[in-house]
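Enquirer: Read off the chains here:
There are 2 protein chains.
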Amino acid sequence: MSQRVCISLDAMGGDHGPTTVVPGAAIARERHPEMTFLMFGDEAILAPLVAAEPRLKGAVEIRHTALAIAMDEKPSQAVRTGRGKSSMWKAIQAVKDGEADAAVSAGNTGALMAMSKICLKTLAGIERPAIACLWPTVRGESVVLDVGATIGTDAEHLVEMALMGSAMARIVFDLDRPTVGLLNVGTEEMKGNEAVKEAARRLREADLPNLTYHGFVEGNDLGKGTVDVVVTEGFTGNIALKTAEGTAKQIGAYLRAAMSRTLSAKIGYFFARQAFKALRDKMNPSRANGGVFLGLEGIVIKSHGSEDAHGFAAAVDLAHDMARHDLMRTIRDMLELTPAGASA
Amino acid sequence: MSQRVCISLDAMGGDHGPTTVVPGAAIARERHPEMTFLMFGDEAILAPLVAAEPRLKGAVEIRHTALAIAMDEKPSQAVRTGRGKSSMWKAIQAVKDGEADAAVSAGNTGALMAMSKICLKTLAGIERPAIACLWPTVRGESVVLDVGATIGTDAEHLVEMALMGSAMARIVFDLDRPTVGLLNVGTEEMKGNEAVKEAARRLREADLPNLTYHGFVEGNDLGKGTVDVVVTEGFTGNIALKTAEGTAKQIGAYLRAAMSRTLSAKIGYFFARQAFKALRDKMNPSRANGGVFLGLEGIVIKSHGSEDAHGFAAAVDLAHDMARHDLMRTIRDMLELTPAGASA
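Chain order of the listed sequences is A and B.
Numbering (UniProt numbering) for the first sequence: 1 to 344.
Numbering (UniProt numbering) for the second sequence: 1 to 344.
These are computed hints drawn from the structure, not numbers from a lab.
In this text, a Cβ means the ideal position worked out from N, Cα and C, and glycines have one as well.
It is possible that some hints are incorrect.
Each pair of labels, with its calculated beta carbon distance range [said to hold, decoys possible]:
1) A:Ala253 to B:Glu189: 26 to 34 Å
2) A:Lys121 to B:Lys266: 54 to 62 Å
3) A:Arg80 to B:Lys277: 33 to 41 Å
4) A:Leu175 to B:Ala51: 29 to 37 Å
5) A:Gly252 to B:Pro48: 44 to 52 Å
6) B:Glu189 to A:Ala124: 34 to 42 Å
Given the sequences, and given the hints that come with them, work out the whole structure.
Expert: Written out as structure tokens, the structure is:
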């Protein structure tokens, strides 16, 4: 891969579509001036938005695509109508064809995953893809997966996710041997369902050269940053992620109410307003926006549908980093280095 | 049941044992002066602690029990050694024998559940018990279950939990028809695993007179208080609960760091210190301490093992309220009123 990273964008995806995608791309490009974009969507809408962004000058090729996938479309329906001709499909297709190094979409998650599986296919040896996110912790960030690609799991899938999540952690955190934990209801060996117990046994016995298996971790270890990679089944992972986001919002609401209740609190707020701003930035989920689809023959990043341009830019940054440091080769190396016993 | 509520206490349970249980009982009795206690544990330790508490005067009967269950004992092992003779077992036995209206223990959760099932048995028609907690929300509190009694579920178990959780919500929130949601990865009908989809169908079709089935809720609905009762499988529920607790701690750490970084922030903190105290109280998990075991022939409450006396007192308050308002009859009424179709 050349140093120059090209990202394909589903410019019509998300709650706000091109009005978020185009400025988001501009913000990300300011940070990575070597980056170029293939933008798929309605040219009549995109062209003036791109022209208005000096930061995108000479970096964007617009490919007109009339069809956009609706946010509430059923994945199966989206594939039937959008295959080969929607902005979402074409952004993925650009990765398959080698025109782009990674695709980013803020569209319908189910449709994006269904199209990615059909268009890119899963990696050899991987049965089901996973969605990984960067989870903010008191120590920095951790990779957490699966946050909702598939429902239900078995030991093999959990081990595959441990390997793929470690590959991502090696790139994002620049680590040789990330620490990996399996999310469970307790840290004792006897706890949990059969899948996590069996996956724990395999990871312990495999004693892999490129990750350190830490053991079981619990829900409260996520925020502590106890391990670099937390592996769990998609139903539980999705609920944990949304529960954490909800709790952060809830505490934000308590804090705002507390700071406006008395005159003394209002004065305090005035003096500490910079500190509150720093806290708000730290708690802002858009800083860590972007779900990485792992287990496919190519890099696809999902941005939250409701994010603003800064949130979309964070997802583009993530796509850039994954492509720039060759996530695909790192994952393949992880899977090859692994003795068959670990995942079979 | 008489107006006078008697609570049996496993006085040896928890990380701090009697030094938390005895003052915790005293704090709770100050709020409910008609309450009496049966305390099971080492009389030589308990007698002086009780004598030192004027708020417990005339309200405590100590029953000497030499054996205490260790916090890390395996449930099966705890049952073998502690059956019939440990402070934990005897506290439960007092409920079975009608000497006490509810039992409270801060001991080993697995052992407490195993002993409760053996000693009290499950209610007719209920296959597996659940642990329900009160979850703080921006609107007040919600009942959330199961937070870790059993791993894995099916539609019938989810429907049973909807009924039992509603019975508890009727008492705690004084509602005729609590609203009930099933925790899922999305709110659309097609989302989730087979168990939640089937449970949703049954609850919708049963159209029960004493609860309003709201539909699916997501992780972020927990903190919003979207429904009065949130039902989920124990593995996911336990991880969601600990994730929320961890996130609250994480934000507390961010807040403390932000408020001590600059002089201006420190001045702000000084003026707003009462507001911060109110916030801390609001975020304090011990306010909502106490897991209610639902589905047994008697009331058993689990207090967090690491709670202080105020946390233990909250669990005793909960036991008092459940006994005082006859949780057992409310649950039986819910189960009887329910057409067989809903849970079969």
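Enquirer: The structure should be examined with respect to each hint, and the outcome stated for every one.
Expert: Hints, one by one, checked against the model:
1. As the Cβ distance of Ala253 (chain A) to Glu189 (chain B) is approximately 30 Å, the hint placing it in 26 to 34 Å holds.
2. Distance hint check: the CB atoms of Lys121 (chain A) and Lys266 (chain B) are about 57 Å apart, consistent with the given range 54 to 62 Å.
3. Checked against the hint of 33 to 41 Å, the C-beta distance between Arg80 (chain A) and Lys277 (chain B) comes to roughly 58 Å, which is inconsistent with it.
4. Taken as a hint, the range 29 to 37 Å is violated for the pair Leu175 (chain A) and Ala51 (chain B), whose Cβ atoms sit roughly 58 Å apart.
5. At about 47 Å, the beta-carbon gap between Gly252 (chain A) and Pro48 (chain B) stays in the expected band of 44 to 52 Å.
6. At roughly 35 Å, the beta carbons of Glu189 (chain B) and Ala124 (chain A) sit within the given window of 34 to 42 Å.
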